[in-house]
Amino acid sequence: MYKVKVKRKGQVTVPAPLREKMDIGEGSVLEVEERPEGILLRPLPKIKVGKVVGRKKYKKIIEELDQLRKGWR
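Sequence positions in the sequence shown follow this note's numbering and run 22 to 94.
Heads up, some of the hints might be wrong.
Result set (DSS-like, lysine-lysine): computed pairs, CA atoms no more than 25 angstroms apart in a straight line [to be verified]: (1) Lys42 with Lys80; (2) Lys30 with Lys91; (3) Lys67 with Lys91; (4) Lys78 with Lys67; (5) Lys42 with Lys26; (6) Lys81 with Lys91; (7) Lys42 with Lys28; (8) Lys67 with Lys81; (9) Lys91 with Lys80; (10) Lys42 with Lys24; (11) Lys80 with Lys67; (12) Lys78 with Lys91.
Distance ranges between label pairs, derived from CB positions [stated by the list, open to error]: (13) Arg56 with Lys91: 34 to 40 angstroms; (14) Thr34 with Glu85: 29 to 35 angstroms; (15) Leu89 with Leu62: 15 to 21 angstroms; (16) Met22 with Gln88: 34 to 40 angstroms; (17) Lys30 with Lys81: 22 to 28 angstroms; (18) Asp44 with Lys24: 19 to 25 angstroms; (19) Pro36 with Tyr79: 19 to 25 angstroms.
Read the hints as simulated data drawn from the structure, not as lab findings.
Every residue gets a Cβ at the ideal spot worked out from N, C-alpha and C, and that includes glycine.
Taking the hints into account, I'd like the entire structure generated from these sequences.
Here it is as structure tokens:
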């Protein structure tokens, strides 16, 4: 178990061993969920561009990525 401090703007630092284990790096997106026992941070799956490239035109790919990002907010 790790202890972290909440900074002035509400930021916390995920300890390095957990970042490495969960493959969380700069730009990673975490889902924040309120639970009765506290707050749960869960890394969202990374978008693999290779899964969508080649099957649709560029503009359509951008639209799909924008929709995925909206779902994260």
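Sort out which numbered hints this structure fails and list those numbers smallest first. 1, 13, 17, 19
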